[in-house]
Amino acid sequence: MPRAGGTNATRADERHRPSPVRIDVEELGKSYGSFAALDNVSLTVKPGELLALLGPSGSGKTTLLRAIAGLTATEEGTIRFDGEDATVLSLRERRVGFVFQQYALFRHMTVFDNVAFGLRVRPREERPRAGEIARRVRRLLELVQLGGLEKRFPSQISGGQRQRVALARALAIEPRVLLLDEPFGALDAKVRKELRSWLRELHTETGLTTVFVTHDQEEALELADRVVIMRAGRVEQIGTPSEIYDEPATPFVCEFLGGVARFEVTAKEGEADVLGSLFPVEGDGDYHGPALAYVRAHEIEIVARERAEGVPAVIRAVRPFGPTVTVELSIEGRASRIEAEVPRELYSGGELGIGQGVFIRATSARIYAAN
Amino acid sequence: MSSDPLALDTSRIPSRPSPEPRPFFRTPVSETPLVKAALIATGLAFIVLMIFLPLAAVFFEAFRRGVEPFFASLVEPDALSAVRLTLLVAAISVPANLVFGLVASWAIAKFEFKGKSFLVTLIDLPFSVSPVIAGLVYILLFGSYGFVGPWLIANGYQIVFAVPGIVLATIFVTFPFVARQLIPLMEQQGKGDEEAALSLGASGLQTFFRVTLPNIKWALLYGVLLCNARAMGEFGAVSVVSGHIRGKTNTMPLHVEILYNEYNFVAAFAVASLLAFLALVTLVLKSVLEWRYGGELAASGRH
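Here the protein sequences line up with chains A and B, keeping their order.
Quick note on my numbering: the first sequence kicks off at 1 and runs consecutively.
Quick note on my numbering: the second sequence kicks off at 1 and runs consecutively.
Warning: the hint list may mix true and false statements.
Unchecked claim - With a straight-line cut-off of 30 angstroms between C-alpha atoms, the simulated DSBU-like cross-links for lysine-lysine are:
no.	chain 1	residue 1	chain 2	residue 2
1	A	Lys-151	B	Lys-191
2	B	Lys-286	B	Lys-110
3	B	Lys-191	B	Lys-110
4	B	Lys-217	A	Lys-151
5	B	Lys-116	B	Lys-36
6	B	Lys-110	B	Lys-217
What the hints assert, rightly or not - Stretch-level coverage of chain A by chain B, calculated; a stretch enters the list once three of its residues show a Cβ under 8 angstroms from a Cβ in chain B:
no.	stretch
7	94–105
8	117–125
To be clear, the hints were calculated from the coordinates, so they are not data collected in a lab.
Idealized CB from N, CA, C, for every residue including glycine.
Bound-form chain A, shown alone (with noise of 0.2 angstroms):
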């Protein structure tokens, strides 16, 4: 599937490429009666660097795009491009290529017409020329993969092919900056991961300072330089995936990364005992009281009833499918299930039958004090 085009074309406009640029937001804020959307919200996004801004619904990533593209306008703040002030400019001086969500083509125009729409609406003096414009919406339409369909109406195309009509319009207008709202949530799981690498390739190849936003916490952490993630307007945890995925700042973070089981533990001593272990609580070494314990599905070890390591527990589920075996187990005086990825030689040497009684311990945690 797509390949972002390395055309001459393109390899020839690299040389007279504006250097990327930066966006500073400084104490960003904004509410909607008495919710706060943003509660001051501060973030650089590094020139040329590939951004992702990661929540569930409603942690306000959404409105923080918006507000770095001038859709939504905020009540306290700052958000600058190369230090200029840009809440002072208009959307149309801001010149931020926006994709958004639903994509939000132009219906009644064809591909071709979508696309040029941001060169012919420039004043009569900064527009180029039919020719110019037609040129430059074939070059873009080839960068994104869809040389041949320029006489389509959206209606016509495909969910993906319409993604990119909506990224390659966004890109006509030669924008400072490149913002996408949620870009793969509306295509299928097969379309996103095409798409995903597709992207990646995309922004090496223009270079441009781009921020995306989604919730699915895979498409961030594997195409995003850094990420940022937000929680009730305001930002949980900045850092590289592998920043983010091996040292989760919150109990919020590791629980919405996912995989992992949560015990509510008491600490002694900075050291509290989950699943027959001691581990380390994050950042006090010293402390006593209530604590959270998150293991992730491949940090808890399944051991034989010889060993007698660990707690007992109990198979209660196998799911036998990808590189390794995700085992359900319950243990005593615990409602929810505590789930267990396992190398497959365990499966396909059939110890792991549903109903069989094992031990099982954690090889790794993260604790957080609880207060």
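Go by the hints and put chain B onto chain A.
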């Protein structure tokens, strides 16, 4: 056959059991033929009695004395003046409501503000208020014993029992048609397209003419047609404010009534048939539009 190893030996395949007579099957939402026939007959009878026969009667009565009296009663000065006034009233009130309706639906569909639902109710008001009351309201306002009427009359502006009053009453009665067509469509379309156009650098006017208007053009045309049909046919409100001055403030529906009251049946039905003809033309145009715009709506639904 046996020489080809891949060939099927049909003799060994058990022959399919002969199909048993299947019990008559109908879908759960269907009815028995008898009930169906009865329902269809009732519907047809109703349409013929209530709609087709009256319409046919209009044309039949109009041509009862032949073609000549028919045309004579149409070119007679009072009739011509009524036709002219009707067209004039429609030509003023339809564009006025086109603009009002467009502005109102734009505001309602694209923005959030206090009193929005009140505004929607207000727009619907002319549908729920009796046209006679609509006419009376203007007499109360602009009549010689009304609130502002005496002052206007003293300054030489005659509103009631004159063309301005008829136009005002018609605008009032036909006010909801355009807005009612546009509001649901514009609400469904949302603000996304406009935001996209603006973010691509279009000005407000460019956005309106290149994006908003093309998105609603069929619904707008449809609303205008309905509005026009009603504007030409309105009787009640116009009757109250017109004063029935022959050759001056008589619209076609009023002229029909006067002729009928004078037992001039041929002329009455001739003018009525002209009105009915205009209505039929509107209906045909409307059907064509529905056909066109229905497809467009479906396409945007798929979108």
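Here's how the hints hold up against the structure:
Restraint check for A/Lys-151 and B/Lys-191: satisfied, since their Cα atoms lie roughly 25 angstroms apart, inside the 30 angstroms limit. A hinted pair counts as satisfied when its Cα atoms are at most 30 angstroms apart, and B/Lys-286 with B/Lys-110 qualifies at roughly 27 angstroms. This hinted pair checks out: B/Lys-191 and B/Lys-110 have alpha carbons roughly 6 angstroms apart, not beyond 30 angstroms. With a C-alpha separation of about 22 angstroms, the suggested pair B/Lys-217 and A/Lys-151 falls inside the 30 angstroms cut-off, and the hint holds.
Distance restraint check for B/Lys-116 and B/Lys-36: the Cα-Cα separation of roughly 45 angstroms exceeds the 30 angstroms cut-off, and the hinted pair is therefore not satisfied. Distance restraint check for B/Lys-110 and B/Lys-217: the Cα-Cα separation of roughly 17 angstroms lies within the 30 angstroms cut-off, and the hinted pair is therefore satisfied. Judged by the Cβ-Cβ criterion of 8 angstroms, the stretch 94–105 of chain A is covered by chain B as claimed, because 8 of its residues qualify and three suffice. Given as covered by chain B, the stretch 117–125 of chain A passes the check, having 4 residues with a CB less than 8 angstroms from a CB of that chain where 3 are the minimum.
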